[in-house]
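Chains A and B are the protein sequences, given in the same order.
Numbering-wise, the numbering used here comes out as the position in the first sequence, counting from 1, plus 75.
Numbering-wise, the numbering used here comes out as the position in the second sequence, counting from 1, plus 193.
What the hints contain is simulated information worked out from the structure, not anything from laboratory work.
Possibly wrong hints are sitting among the right ones.
Computed list of lysine to any residue pairs in SDA-like fashion (alpha-carbon distance at most 25 angstroms, straight line) [said to hold, decoys possible]:
#	chain 1	residue 1	chain 2	residue 2
1	A	LYS189	A	LEU283
2	B	LYS389	B	PHE405
3	B	LYS685	A	TRP116
4	B	LYS685	B	SER742
5	B	LYS527	A	ILE219
6	A	LYS143	A	PHE280
7	B	LYS685	A	ALA154
8	B	LYS702	A	THR147
9	B	LYS685	A	LEU215
10	B	LYS685	A	LYS189
11	B	LYS685	B	VAL703
12	B	LYS685	A	LEU142
13	B	LYS685	A	VAL141
14	B	LYS490	B	GLN648
15	B	LYS678	A	LEU101
16	B	LYS289	B	SER617
17	B	LYS702	A	VAL141
18	B	LYS490	B	ALA592
19	B	LYS671	A	LEU142
20	B	LYS678	A	TYR146
21	A	LYS189	A	LEU101
Residues per chain are reported as follows:
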Amino acid sequence: MSIAKSINDAVARKEHPRLNRYKETLLYAKYVIFHPFDGFWDLVHEKRGSLAAAHTFVVLFLLTYVLKLMYTSFQFITANIQYINIYERWASLLLPFLILCIANWSLSTLFDGKGHFKDIYMAMSYALVPYIIIQLPLILVSNILAFDEGSFYTVLMSVSEIWCLFLAFVGLMEVHDYGPGKTLISIVATIFGAMVIIFLLLVFFSLLSDAFGYFASMYREIVFRLS
Amino acid sequence: MKINVRLLVLLAALIILMPMADAYAAEDGFTSTYTYNYDYWGDIRESPDAYRVSDVIYSSTLGLEKAMRSPKSLFVRDQDLYIVDTGNNRILQLTKIGTHFEMVREIDHVTIGADQMEAFKAQSDLLKNEDGSDYTDENGSFYLKPPLGSSADRGPMVLTADGVTYFNNPNDVSVDPDGRIYVADRDNNRVIVMDKDLNYLQMLTKPTDSTFDQNQSFLPNKLVVDTSGRIFVLASNINKGLAKFEADGSFTGFIGANTVTYNLWDYIWKSYFMTKEQRSQQAAFVPTEYQNIYIDKEGFIYATNISFSEYDLLWDNAKPIRRLNAVGSDILIKNDRYPPIGDLQWVEGSSDHGASKLYDITVLDNDMYVVIDQTRGRVFGYDPQGIMLWAFGTSGVPAEGAFTRAVSIEHIDKDLIVLDELNSTVTVFTPTEYGNLIYQASEQYLLGDYDGSAQTWEKVLQLNANYNLAFIGIGRSKMRTEQYKEAMDLFKMAHDRTNYGRAFRYYRKVWVEQNIWWVVVIIAALVVFFFVRKTIRKMKWEVAAYEHSKVHK
Numbered sequence: 076m077s078i079a080k081s082i083n084d085a086v087a088r089k090e091h092p093r094l095n096r097y098k099e100t101l102l103y104a105k106y107v108i109f110h111p112f113d114g115f116w117d118l119v120h121e122k123r124g125s126l127a128a129a130h131t132f133v134v135l136f137l138l139t140y141v142l143k144l145m146y147t148s149f150q151f152i153t154a155n156i157q158y159i160n161i162y163e164r165w166a167s168l169l170l171p172f173l174i175l176c177i178a179n180w181s182l183s184t185l186f187d188g189k190g191h192f193k194d195i196y197m198a199m200s201y202a203l204v205p206y207i208i209i210q211l212p213l214i215l216v217s218n219i220l221a222f223d224e225g226s227f228y229t230v231l232m233s234v235s236e237i238w239c240l241f242l243a244f245v246g247l248m249e250v251h252d253y254g255p256g257k258t259l260i261s262i263v264a265t266i267f268g269a270m271v272i273i274f275l276l277l278v279f280f281s282l283l284s285d286a287f288g289y290f291a292s293m294y295r296e297i298v299f300r301l302s
Numbered sequence: 194m195k196i197n198v199r200l201l202v203l204l205a206a207l208i209i210l211m212p213m214a215d216a217y218a219a220e221d222g223f224t225s226t227y228t229y230n231y232d233y234w235g236d237i238r239e240s241p242d243a244y245r246v247s248d249v250i251y252s253s254t255l256g257l258e259k260a261m262r263s264p265k266s267l268f269v270r271d272q273d274l275y276i277v278d279t280g281n282n283r284i285l286q287l288t289k290i291g292t293h294f295e296m297v298r299e300i301d302h303v304t305i306g307a308d309q310m311e312a313f314k315a316q317s318d319l320l321k322n323e324d325g326s327d328y329t330d331e332n333g334s335f336y337l338k339p340p341l342g343s344s345a346d347r348g349p350m351v352l353t354a355d356g357v358t359y360f361n362n363p364n365d366v367s368v369d370p371d372g373r374i375y376v377a378d379r380d381n382n383r384v385i386v387m388d389k390d391l392n393y394l395q396m397l398t399k400p401t402d403s404t405f406d407q408n409q410s411f412l413p414n415k416l417v418v419d420t421s422g423r424i425f426v427l428a429s430n431i432n433k434g435l436a437k438f439e440a441d442g443s444f445t446g447f448i449g450a451n452t453v454t455y456n457l458w459d460y461i462w463k464s465y466f467m468t469k470e471q472r473s474q475q476a477a478f479v480p481t482e483y484q485n486i487y488i489d490k491e492g493f494i495y496a497t498n499i500s501f502s503e504y505d506l507l508w509d510n511a512k513p514i515r516r517l518n519a520v521g522s523d524i525l526i527k528n529d530r531y532p533p534i535g536d537l538q539w540v541e542g543s544s545d546h547g548a549s550k551l552y553d554i555t556v557l558d559n560d561m562y563v564v565i566d567q568t569r570g571r572v573f574g575y576d577p578q579g580i581m582l583w584a585f586g587t588s589g590v591p592a593e594g595a596f597t598r599a600v601s602i603e604h605i606d607k608d609l610i611v612l613d614e615l616n617s618t619v620t621v622f623t624p625t626e627y628g629n630l631i632y633q634a635s636e637q638y639l640l641g642d643y644d645g646s647a648q649t650w651e652k653v654l655q656l657n658a659n660y661n662l663a664f665i666g667i668g669r670s671k672m673r674t675e676q677y678k679e680a681m682d683l684f685k686m687a688h689d690r691t692n693y694g695r696a697f698r699y700y701r702k703v704w705v706e707q708n709i710w711w712v713v714v715i716i717a718a719l720v721v722f723f724f725v726r727k728t729i730r731k732m733k734w735e736v737a738a739y740e741h742s743k744v745h746k
């Protein structure tokens with residue numbers, strides 16, 4: 076039987092080598108979340124992860140978030156569904172995520188980090204996996220729990236969040252080959268860097284709109300003079 | 194062209210809707226409503242009027258020679274309404290006959306019997322001549338010492354030669370069931386007690402107790418009297434809470450002090466970053482004073498408080514409404530999502546923005562309490578659980594039911610009486626059918642008539658389909674009759690998690706009991722399936738292994 080399976084697998088690999096790689100990198104998340112130190116190292120240094128899988132996790136994370144808002148029992152969530160704009164919520168999750176990744180990457184030179192932007196993004200995406208695998212079933216669970224059993228829900232909720240944060244921490248550590256202390260400092264610096272990026276973006280857009288307004292008014296003036 | 198079509202549609206809609214608006218106005222006499230409530234999300238939901246103006250009392254309707262001038266307080270004993278006409282140093286006693294109020298008398302003096310004269314003089318802080326005898330003017334009247342920090346050579350006249358003492362800036366009045374009248378006579382620095390024929394009984398003056406700051410004048414602002422005759426006085430300059438006097442007039446300390454509120458940031462900023470000069474100019478961390486007090490029929494004191502930062506309100510640190518027990522701790526029940534703080538939306542950017550300033554409170558006989566807000570001239574009703582029943586009122590516009598500076602609220606039965614200091618008017622509100630139904634449903638529930646309560650709530654829902662308490666009330670009744678699914682839907686409508694959770698537990702239990710057999714069947718089937726599959730695989734493997742071994746032989 077095992078022989079037949081291995082032949083089967085070999086055939087499959089030849090037929091869909093990319094699909095199989097995708098499947099393997101996707102399933103590798105299971106190893107990462109339970110063995111983060113080993114897992115994150117191999118993820119980037121042994122090429123056990125893939126960008127496609129990382130994108131998948133980000134998309135799943137965003138989907139989970141929306142499903143949570145929509146289908147969690149109202150006993151456990153306060154969401155005025157009438158006034159929620161999904162795109163706005165997604166942007167408010169995705170933009171900080173990306174800005175933090177960019178800030179961390181920008182500072183990696185300063186901190187002697189080994190990771191490339193791709194590695195950082197991949198590690199951060201794999202760190203989102205506990206959120207998905209805990210909160211997705213939790214949506215169903217919330218609908219069979221009564222309000223006074225809510226502690227069960229909140230505990231699992233916190234577990235998923237703490238797990239994610241821990242994975243992100245370890246992920247950065249392994250990607251950049253830092254010690255824990257240096258990781259902590261680099262995280263503080265990253266948050267500061269993210270603020271700087273946001274500030275620069277604001278300044279940029281405000282200048283852009285000013286410049287645009289200048290040319291627009293110049294155009295209007297010329298048209299007015301010519302006519 | 195497009196716009197024209199839209200306009201036409203709009204006009205058509207208006208024409209169709211017009212008769213409906215007329216019908217509404219005709220049926221109920223009002224074209225607009227100014228009553229509202231807050232929904233679960235803190236948004237304003239307009240509602241039918243819970244109260245309407247039934248009477249407005251002006252100085253002219255009472256036939257007063259001297260018009261009321263900045264009246265400060267109201268008090269109700271049975272059917273009698275007392276208005277403290279502060280600006281004219283008198284108290285007006287009115288009585289309710291039928292639906293309107295009639296003047297009974299003006300109270301502006303207290304007669305002191307000859308036998309009490311010496312005691313009265315001794316207790317008053319009289320102005321003395323240099324030789325130690327009491328100072329008198331040409332008419333033989335006695336005067337108080339000038340107020341602390343004042344440069345005047347004498348204080349207010351406090352006693353005439355024939356033993357009559359007048360009020361000087363009275364701020365509050367209270368009347369006990371026996372008819373004894375208590376007046377917070379502010380600028381005479383005393384609380385004076387008289388019988389119903391205005392004969393002097395006793396007087397409360399500045400306590401000589403060391404807990405009372407002797408450098409401060411005793412300026413009583415508000416007072417309440419409990420059933421055993423204890424007097425609780427709210428005085429200016431005192432931030433230790435309410436001064437408590439026993440029935441015999443002896444001072445026995447303070448109760449219910451506000452706790453000092455400051456945050457860590459303020460503390461650090463003040464302690465380490467301010468110069469000494471800056472610090473001395475800033476207010477110290479002192480507890481705030483209460484604004485007004487009311488004693489309910491059980492003897493608990495309700496107090497309101499208007500000096501707080503708006504930030505504290507949001508986190509319920511300010512506690513603008515409190516219910517104080519005998520030792521002075523706050524025991525107000527707050528079971529709603531939002532604490533009782535008046536308006537939840539503070540109309541940023543307009544002239545009357547900011548949090549509600551709750552100037553006075555009154556507690557109805559059914560334990561509902563009503564507060565009045567001066568920021569926007571609004572009245573808020575709460576049930577004993579701290580859930581807002583309704584809110585109405587407006588300020589600024591010269592109309593019945595609008596206030597310019599509402600300072601006091603009282604009630605007779607379920608009628609609310611509001612005093613406006615600036616307009617010198619007293620407005621009487623009577624509950625509408627809607628308002629009465631809300632009270633009735635709550636009272637029925639408290640009495641244990643749950644089904645009757647649910648039926649009344651149904652009627653409330655017909656008048657206002659946005660009323661959360663009605664959904665909860667009906668839901669509770671459904672739960673009692675084991676209609677759990679319906680109860681859940683109703684509780685969900687009202688966002689009542691606790692009750693929903695309770696109903697859901699029962700619903701789940703029933704569901705499991707009814708569906709347990711096929712759940713068990715499915716689980717059993719799954720177990721059997723996996724077992725069979727495993728066995729078949731094992732057999733196949735054995736066969737394969739056997740075949741394999743034959744090949745290699």
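Hints and how they fare:
no. : hint                     : verdict
1   : LYS189(A) with LEU283(A) : 35 angstroms, violated
2   : LYS389(B) with PHE405(B) : 31 angstroms, violated
3   : LYS685(B) with TRP116(A) : 48 angstroms, violated
4   : LYS685(B) with SER742(B) : 68 angstroms, violated
5   : LYS527(B) with ILE219(A) : 28 angstroms, violated
6   : LYS143(A) with PHE280(A) : 33 angstroms, violated
7   : LYS685(B) with ALA154(A) : 13 angstroms, holds
8   : LYS702(B) with THR147(A) : 20 angstroms, holds
9   : LYS685(B) with LEU215(A) : 18 angstroms, holds
10  : LYS685(B) with LYS189(A) : 53 angstroms, violated
11  : LYS685(B) with VAL703(B) : 19 angstroms, holds
12  : LYS685(B) with LEU142(A) : 19 angstroms, holds
13  : LYS685(B) with VAL141(A) : 21 angstroms, holds
14  : LYS490(B) with GLN648(B) : 29 angstroms, violated
15  : LYS678(B) with LEU101(A) : 42 angstroms, violated
16  : LYS289(B) with SER617(B) : 19 angstroms, holds
17  : LYS702(B) with VAL141(A) : 30 angstroms, violated
18  : LYS490(B) with ALA592(B) : 34 angstroms, violated
19  : LYS671(B) with LEU142(A) : 31 angstroms, violated
20  : LYS678(B) with TYR146(A) : 18 angstroms, holds
21  : LYS189(A) with LEU101(A) : 23 angstroms, holds
When the structure is compared with the earlier hints, violations turn up for hints 1, 2, 3, 4, 5, 6, 10, 14, 15, 17, 18 and 19 and for no others.
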